[in-house]
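Participant: Got chain H; can you put chain E on it based on the hints?
There are 2 protein chains.
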Amino acid sequence: MKELMIALQSGKTPLYEQIYLAIKRDIEDGKISFGEKLPSTRLLAANLNVSRFTVDLAYEQLVSEGYIQARAGSGFFVCDLSNLISGISDGEKHFDPQPRLEGEQTDVRIDFSPFAIDTAHFPYNSWKKRNREVMDEAADLLMSREAAGDRGLRETIATYLYRARGVHCTPDQILVGAGNEYLLMLLVQVLGGGLSVVMEDPTYMQAYEVFRHIGCKVRVGMMDEEGLLCCELDKCPADVVYVMPSHQFPMGMVMPLGRRQELLEWAAGAEGRYIIEDDHDSEFRYVGKPIPSLQSRDQKDCVIYFGTFSKSISPGLRMSYMVLPRHLSERFHRQFDFYASTVPTGQQLAVRRFLETGDFERHLNRMRRVYKAKHDFLLRELKKRSWVRRIRGENAGLHLVVAVDTAQTESELVAEALERGVRVYGMSSYRIGERTAKEPVTLLLGFGGLSEEELSEGLAVLDELLSGGNRNG
Amino acid sequence: MKELMIALQSGKTPLYEQIYLAIKRDIEDGKISFGEKLPSTRLLAANLNVSRFTVDLAYEQLVSEGYIQARAGSGFFVCDLSNLISGISDGEKHFDPQPRLEGEQTDVRIDFSPFAIDTAHFPYNSWKKRNREVMDEAADLLMSREAAGDRGLRETIATYLYRARGVHCTPDQILVGAGNEYLLMLLVQVLGGGLSVVMEDPTYMQAYEVFRHIGCKVRVGMMDEEGLLCCELDKCPADVVYVMPSHQFPMGMVMPLGRRQELLEWAAGAEGRYIIEDDHDSEFRYVGKPIPSLQSRDQKDCVIYFGTFSKSISPGLRMSYMVLPRHLSERFHRQFDFYASTVPTGQQLAVRRFLETGDFERHLNRMRRVYKAKHDFLLRELKKRSWVRRIRGENAGLHLVVAVDTAQTESELVAEALERGVRVYGMSSYRIGERTAKEPVTLLLGFGGLSEEELSEGLAVLDELLSGGNRNG
Chain H
1 MKELMIALQS GKTPLYEQIY LAIKRDIEDG KISFGEKLPS TRLLAANLNV
51 SRFTVDLAYE QLVSEGYIQA RAGSGFFVCD LSNLISGISD GEKHFDPQPR
101 LEGEQTDVRI DFSPFAIDTA HFPYNSWKKR NREVMDEAAD LLMSREAAGD
151 RGLRETIATY LYRARGVHCT PDQILVGAGN EYLLMLLVQV LGGGLSVVME
201 DPTYMQAYEV FRHIGCKVRV GMMDEEGLLC CELDKCPADV VYVMPSHQFP
251 MGMVMPLGRR QELLEWAAGA EGRYIIEDDH DSEFRYVGKP IPSLQSRDQK
301 DCVIYFGTFS KSISPGLRMS YMVLPRHLSE RFHRQFDFYA STVPTGQQLA
351 VRRFLETGDF ERHLNRMRRV YKAKHDFLLR ELKKRSWVRR IRGENAGLHL
401 VVAVDTAQTE SELVAEALER GVRVYGMSSY RIGERTAKEP VTLLLGFGGL
451 SEEELSEGLA VLDELLSGGN RNG
Chain E
1 MKELMIALQS GKTPLYEQIY LAIKRDIEDG KISFGEKLPS TRLLAANLNV
51 SRFTVDLAYE QLVSEGYIQA RAGSGFFVCD LSNLISGISD GEKHFDPQPR
101 LEGEQTDVRI DFSPFAIDTA HFPYNSWKKR NREVMDEAAD LLMSREAAGD
151 RGLRETIATY LYRARGVHCT PDQILVGAGN EYLLMLLVQV LGGGLSVVME
201 DPTYMQAYEV FRHIGCKVRV GMMDEEGLLC CELDKCPADV VYVMPSHQFP
251 MGMVMPLGRR QELLEWAAGA EGRYIIEDDH DSEFRYVGKP IPSLQSRDQK
301 DCVIYFGTFS KSISPGLRMS YMVLPRHLSE RFHRQFDFYA STVPTGQQLA
351 VRRFLETGDF ERHLNRMRRV YKAKHDFLLR ELKKRSWVRR IRGENAGLHL
401 VVAVDTAQTE SELVAEALER GVRVYGMSSY RIGERTAKEP VTLLLGFGGL
451 SEEELSEGLA VLDELLSGGN RNG
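Protein chains in written order, with our numbering: chain H, 1 to 473; chain E, 1 to 473.
Looking at chain H on its own, in the form it has when it is part of the complex (with noise of 0.2 Å):
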């Protein structure tokens, strides 16, 4: 086993990420070599006075990008990196961006991704039909639209919106755009920049990661089982939370009616105070009412809404919508407006029509009824394991957060499911602060685009890890 030299230093690079950079330096530099075993998470985290959480994140980081593999029971060993490593035609050595893709896509067989949706009940024949009816529009289709979207594909949204979330506005509210990320990036403009967030923990980290780089400062809010302390918001100053109530991520929760309340009249308290609610997977949910959005409880114009199509109709559309109170859609139309559209055309027109026709909402009736069978179907199967020591956010959403029963830590857990040809998602990768030593190993299983047959395939991976394994990492 190799002895690592690693100096840490205090200031603005997370620990993890030091101890990530400086192995992958190692071993592109050719230091730690081919099959070499790198020391356990637990002898490298005493021998550099950190918690053994870092090493597993800097690990899990290698892991992932392809630089290391976890053998079950045995360690983590460095990948040959000869295909990794593409000579330039000047001589020297780059290392290659995207070294996961290749791997991947032959090795993994089975994944459990939160974000993938079931593509063999997608409605082909309706969504191409009406593709092809808004390429006859011929001319129009070239054109870009305004920066806040198509007109008519805003009218159809805030239908319905109205009738599926009881959101309140006009088409004149609604921006469409690129996805959640570019739509927050306009939005932070629109609110002047600088701000200061308050998020969950753990939370969408990609939304996270945009605040971060556009300059805004994030803190974490209070939370407990019932999600964020939305009464301990008044002790810090803070610009805008960012909230998850209809089904927080990843954790599942539904924020309770008091503390909507709460969170209501902390953004009443002050002027320049916003609620961001993103309500990204409330088309789903299988046991009860849906639960209105905390947009339609909102007298004082201070929630901003989020929805997206990514679940609803498909990832590869890109396409989201924010809803903004009036004064700051005022603000856009007066200020913005220099933005072109950031969604194809046709694209625009084509959802337009899809649901303009009916076909969303026949679209969406048929997936709750297929999601809600897998649902059941996972939820009934977890519970038959003895490794499941809990499960949480059931009864919405495309997946469930079960903590587990070992004596691994989460990346090795995560790291020996790939070895396997199973990607499963470490609760840790959506948290914003460490982990807390208390905390059991928690996963996300995601079933939306897992047949059956292929959940129960990854259940047995699973069992073979947790429940023959080895027990002591």
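Think of the hints as simulated: they come from the structure by calculation, not from any bench.
Keep in mind that the hints are not guaranteed to be accurate.
Dumping the calculated DSS-like pairs for lysine-lysine here, alpha-carbon to alpha-carbon at most 30 Å [said to hold, decoys possible]:
#, chain 1, residue 1, chain 2, residue 2
1, H, K235, H, K289
2, H, K300, E, K384
3, E, K129, H, K129
4, E, K289, E, K372
5, H, K217, E, K217
6, E, K217, E, K235
7, E, K129, H, K31
8, E, K129, H, K128
9, E, K300, H, K24
10, E, K438, E, K235
11, E, K37, E, K24
12, H, K384, H, K289
13, E, K372, E, K384
14, E, K383, E, K438
15, E, K289, E, K438
16, H, K438, H, K37
17, E, K129, E, K383
18, H, K128, E, K128
19, E, K128, H, K129
20, E, K31, H, K300
21, H, K438, H, K289
22, H, K129, H, K300
Nothing here was measured: the structure is a model prediction, and the numbers come from that model.
Facilitator: Just chain E now, with coordinates in the frame of chain H:
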């Protein structure tokens, strides 16, 4: 004529915006009512002790938003707003953020937009065919692509760019995104934000607005008839220079070789200096050989190349790409991989096929002939006009720059043409700084979207305004 009470304040808000806002508020509040005449720009400028151009800009903004209209030879009058301000349920009146749209679509017969393309010669059949083929790929279409875009598409773009523009790059260096503005937002994040940017003036104002709104400092570079004075760059600190060396927008000049060299030397002169080369319309050059890209001469990895399909295919497609130097593309893939691609998978695959099958090259060859014919026609017609003082920007692109002989101000001319259903574009709209008083009234006349008949009809209206009309404003 109304007397206006406007209190100007020195501060962050530009003077023209203060004037615009004050008049707008008075109109909305009913203090100035429908049909009333505003003071002449000359008088108001004298009263407020500001330049006449400042008032021009304010009036132009009010005209473009539908608050006031110009009547030929007699001045500016307040429009009937009753159809613009819509009653809101709670009894309050809110300003409809998009008053422009309704009016525009019915009134403008001839639009000399420099961004319009020819839709009559678009290869609808092959475009539809490629889209239909892609639709048959079913499930693959539903999945989103990696942050940088579909790999196959990037390979195809790399091949095209090398052949057509001499751009040296691997597919890993290419980033496909939903338009230049989005890609600029990403780029500024990759470069670390808070940049000091030098731009040409006049320039592509969307890029200017993006930089401004995401916290960059923009400085105007010294210009002469040949474009940016690159030898002056060293005099002030800057991180990025944004240029259009092959065909400056909107002026149309080509950056001479010597200046290109100076620019590259400036960038090589210090760590962290970059040149953004916006190669927006290089596909369309009608005389002589294409001018090789600046990127093709870059030995030090400091040029970031921007290209777009907005003119070569269509603005409705919303697809652009940037080519990053290797170290920046590595940084992107390391730190920004969490971003999902902003372009729908279907559109990426359709464009890839459009390029791979040769449809794209055939289309470009045809459009080059179509646009050359329009360009030659407009140039010939303009040369017959006595009111044309000077024509610039010829031999390439989709518009001409025409300095005209008139006693009217630019905004009066633009407004009066609009009154007659002809939209022309004043050079001031593309200026960061104020126009110098010496500069003649200058119009951008885009010809891409107009037939010869429409060009003639538009010119006839300008003849009316400029030859026979009131020469004293």
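Participant: Checking one constraint from the list: CA of K37 (chain E) to CA of K24 (chain E), max 30 Å. Satisfied?
Facilitator: holds (14 Å)
Participant: Within 30 Å, alpha carbon to alpha carbon, are K438 (chain H) and K37 (chain H)?
Facilitator: holds (28 Å)
Participant: Between the alpha carbons of K217 (chain H) and K217 (chain E), is the straight-line distance 30 Å or under?
Facilitator: Holds, because 21 Å separates the two Cα atoms, which is no more than 30 Å.
Participant: Within 30 Å, alpha carbon to alpha carbon, are K129 (chain H) and K300 (chain H)?
Facilitator: With Cα atoms ~42 Å apart, K129 (chain H) and K300 (chain H) exceed 30 Å; violated.
Participant: Checking one constraint from the list: CA of K372 (chain E) to CA of K384 (chain E), max 30 Å. Satisfied?
Facilitator: Holds - the C-alpha atoms of K384 (chain E) and K372 (chain E) are around 19 Å apart, at most 30 Å.
Participant: Does K235 (chain H) pair with K289 (chain H) here, judged by a C-alpha cut-off of 30 Å?
Facilitator: violated (34 Å)
Participant: Does K31 (chain E) pair with K300 (chain H) here, judged by a C-alpha cut-off of 30 Å?
Facilitator: Holds, because 29 Å separates the two Cα atoms, which is no more than 30 Å.
Participant: Checking one constraint from the list: CA of K384 (chain H) to CA of K289 (chain H), max 30 Å. Satisfied?
Facilitator: holds (28 Å)
Participant: Could you grab the alpha-carbon distance between K128 (chain H) and K128 (chain E) and see if it respects the 30 Å cut-off?
Facilitator: Satisfied, since the Cα-Cα distance of roughly 12 Å is no more than 30 Å.
Participant: Just to be careful, I want the Cα atoms of K289 (chain E) and K372 (chain E) compared with a cutoff of 30 Å; is the pair within it?
Facilitator: The given pair, whose Cα atoms are some 14 Å apart, holds under the 30 Å limit.
Participant: Does the alpha-carbon distance linking K383 (chain E) and K438 (chain E) stay inside the 30 Å limit?
Facilitator: Since the Cα atoms of K383 (chain E) and K438 (chain E) sit roughly 23 Å apart, the hinted pair holds (cutoff 30 Å).
Participant: Going straight from one Cα to the other, do K438 (chain E) and K235 (chain E) come out at no more than 30 Å?
Facilitator: Distance of about 26 Å is within 30 Å: holds.
Consistency note: the structure conflicts with the earlier hints numbered 1, 2, 7, 15, 17, 21, 22.
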